[in-house]
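These are the residues of each chain, in order.
2 protein chains.
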Amino acid sequence: MAKSVLTPQSEDFPRWYADVVAKAGLAENGAARGTMIIKPWGYAIWERIQAELDARIKATGHDNVSFPLFIPYSFLQREAQHVEGFSPELAVVTHAGGEELAEPLVVRPTSETVIGDAMSRWVQGHRDLPLLLNQWANVVRWELRPRLFLRTTEFLWQEGHTAHATFDEAQAETLLILHHVYDDVIRNVMGIPSLLGRKTDQERFAGADSTYTLEALMRDGKALQLGTSHNLGQNFAKAFGITYSDADGGQQHAWTTSWGVSARLVGGLIMAHGDDRGLRLPPALAPVQVVVLAVKDEAIAACERLVGELTHAGVRTRLDGRTSQSFGRRAVEWELKGVPVRLEVGPRDLEAGSLTLVRRDRDRKETIPLEGAAAASADLLDAIQSGLLAEAEARRSAATTDVDTAAAVEGAGFFRLPWDRLGTGGEADLAERGYTVRCLVREDGAVPAPQENDGLIAYVARAY
Amino acid sequence: MAKSVLTPQSEDFPRWYADVVAKAGLAENGAARGTMIIKPWGYAIWERIQAELDARIKATGHDNVSFPLFIPYSFLQREAQHVEGFSPELAVVTHAGGEELAEPLVVRPTSETVIGDAMSRWVQGHRDLPLLLNQWANVVRWELRPRLFLRTTEFLWQEGHTAHATFDEAQAETLLILHHVYDDVIRNVMGIPSLLGRKTDQERFAGADSTYTLEALMRDGKALQLGTSHNLGQNFAKAFGITYSDADGGQQHAWTTSWGVSARLVGGLIMAHGDDRGLRLPPALAPVQVVVLAVKDEAIAACERLVGELTHAGVRTRLDGRTSQSFGRRAVEWELKGVPVRLEVGPRDLEAGSLTLVRRDRDRKETIPLEGAAAASADLLDAIQSGLLAEAEARRSAATTDVDTAAAVEGAGFFRLPWDRLGTGGEADLAERGYTVRCLVREDGAVPAPQENDGLIAYVARAY
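Chains as they are written, first to last, in the numbering used here: chain A, 42 to 505; chain B, 42 to 505.
Some hints here could point you the wrong way.
The list treats identical chains as one, so a pair stands whether inside a single copy or across any two.
To be verified - Distance condition first, Cα-Cα at most 30 angstroms in a straight line; then the derived DSS-like pairs of lysine-lysine: (1) Lys337 - Lys279; (2) Lys406 - Lys279; (3) Lys64 - Lys99; (4) Lys64 - Lys337; (5) Lys337 - Lys99; (6) Lys279 - Lys64.
Keep in mind that the hints were calculated from the coordinates and are not lab data.
One chain only, chain A, in its complex shape (with noise of 0.2 angstroms):
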């Protein structure tokens, strides 16, 4: 075996995670302040998640559609929350075309405002509820201290927005995008447990009634807020002139809500399985499913010959045919890149009929017949996912601790206290040690409603 290429978790996380996202070839730092460039496997990645959401978020009845990256800086002074909340974080475009600008443009840090403009437009009655967007897009908030894909100037992100009736129904969008488009790819596609609950008000996004989050804990015992999805209320539909005529010819506010997630989830994907050989991507998430690695050029025809079985029964393949480079070398970059299944197979397999499997949650080797090899990697990916998902919860389970009081909160992992006893003094008391409520859930686990207090749990962390 060779030596591992990373920093080890344990001597030094950060640092890991530097190494891993350079040596996996995931991405780097760009040349301006802040920003990112994400590189072929990182991209991949990214690709996929993208794939799977946008399926719910179709299969949701939402449209895709893209809003212009510039909004007159006019636009966000009209929701005193929103502007008060972006205003230290934008970059504005002063100058173009060789002039100086009569109004200046902010680069988008989120699309409530044009998209607010534009639905005051689109919805006159209510046929035109409810109104069903998404976009895919790059936006910008000025990071002081930026992170590859956690915490960068510009990002990748998609963005949900919507308009309806009712507050009900409003409700109800937020939080079917919370279970049905985020919380399924996250736990069932990437393999991720997170806690689905409220934020405080001190959490909210800024023009928001109410935050809804979902948060994971990373192998350090930090949390990451993954995505949320805001119930906005009134807010932007009475700032924007989002009305429509009832049934009855009265004229009437609409409800909107928004919603998000970004590249940051490949981050969370990384500190969430990766170990100290790098990452581990679970098999429904993985751009290469099964590595086939030729040792010598006498094997190759035999590797083809997997990859074409494993490509039939639709297993996402590929071929390392690079037979004049270090085999060791090869086999220590697809572990980094966490491809779930490696079939080895050299010229003394061949001669025995055999070739040696490589499981990547376990990097456990083991010799078994070329025949039936395939389906064989095939049959062991739907073990790999849910052993990942698994070893996820047992490891967020074992990091969770009952407190009484936030003098309690000590340390890495999630701490449970009653809402009622910490409070909004509480809340700061525990923000000024570095912790943060990331959630509020009811007593059974569910999410409570946008006003509900009463005997809810405080989820506590360190996070990102």
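Put chain B on the given structure of chain A with help from the hints.
Frame of chain A, contents of chain B only:
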């Protein structure tokens, strides 16, 4: 038949275009000058174009990546022709995070410079070549006379960037993309015949050694450039230090290419096929190939069965069951949107065991038996596809004139004349009269080599 809701093409083609874009729900102007909102139907068409291009880009070995939106101004200055070409069109971020930036950031007009900088790090030995990258991105070029889809300040596109060990490989890549990615999609999916040729020095991309182009005729007799593929020679390799050690250990500059098509293709599609009733979408591209309209509620069950059969046969189908709205209005809506086949089912049809089939390419209605209607519609799609291409080819043939002198160029359509005779002087004279040399081709229609000039044919036209 309902009266057309569009300005007729023959009366005012630009106004017809604006009418279609608005009434088919394709796009509208954004709030910031020159920007654009792509609406659901316009975006669905763009997504279909993207999917077809992306599959071919990947099949030819390219990896998708994501480079930053912001480029340090100093990067652009490194390639002299490049900065000269783009300077007048740049949008510049001078303030961010509440402060004035030490170095202004340019919003990318294209990414040769940032990608060239990365290539200088990523390319070390000859084994790193070819390096084949692509990104789907938004770019910004300040436009004084914006026009939806055709020319907007921000636009969506893909830009490919590759590095190679030799000139020949770079040239082969440039033409591979032109023929087997761009022309394959534009001709065989979008049904648009293009002239493939080389640009004159005057029309070449800023920083390229040679630019190849696809030029199509719109229904008003003007040309539209649909895409370009550039052999950049060693210009960017020298400006950014993209070098590799060859097999003998010597240091060599790489040879690079870049190539792009944008959402302008949607504009080309509208103007190449659209008629006085709206869009006409080629079935291979159409987001909805067959729409099934229930005239009244009683017909909905029968329509659902048809939709099921069509979907099962792999046809992209939509049910229009909005029976509370006017049937005529709904029929006009699908006509405007250009859906290739419309099936209309009313209660009387059901009694007679029949339905009405409308082919959008001919606006011909016929009554056919309900039994077997799904198969009959599916069978029509290929004929509609090839019919639209044949129609566009015939139109172009009829609108192409051989002339001997620049003075004979007058009016709509393409004019063919010997490039030897026209020359750069004749090109300049034509420019004063509003005509440009769209491309140079060989007498037999093949694309010329980079330095080839003898015996070429110049295609001249007015253009968008």
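Checked hints:
With identical chains, the CA atoms of Lys337 and Lys279 are never at most 30 angstroms apart, being 68 angstroms at best within one copy and 38 angstroms at best between copies. Taking CA atoms no more than 30 angstroms apart as the test, Lys406 paired with Lys279 passes in neither setting, with 62 angstroms inside one copy and 47 angstroms between copies. When the C-alpha separation of Lys64 and Lys99 is checked against a cutoff of 30 angstroms, the pair qualifies only between copies, where the shortest distance is 23 angstroms, while the shortest distance within a copy is 35 angstroms. Taking CA atoms no more than 30 angstroms apart as the test, Lys64 paired with Lys337 passes inside one copy only; the shortest distance there is 25 angstroms, against 62 angstroms between copies.
Within a single copy, Lys337 and Lys99 get their C-alpha atoms only as close as 46 angstroms, which misses the 30 angstroms cut-off; across copies the closest is 27 angstroms, which meets it. Taking the shortest alpha-carbon separations for Lys279 and Lys64, only the inter-copy value of 28 angstroms comes in at or below 30 angstroms, while the best intra-copy value is 49 angstroms.
Violated hints, listed in ascending order, are 1, 2; each of the other numbered hints is respected by the structure.
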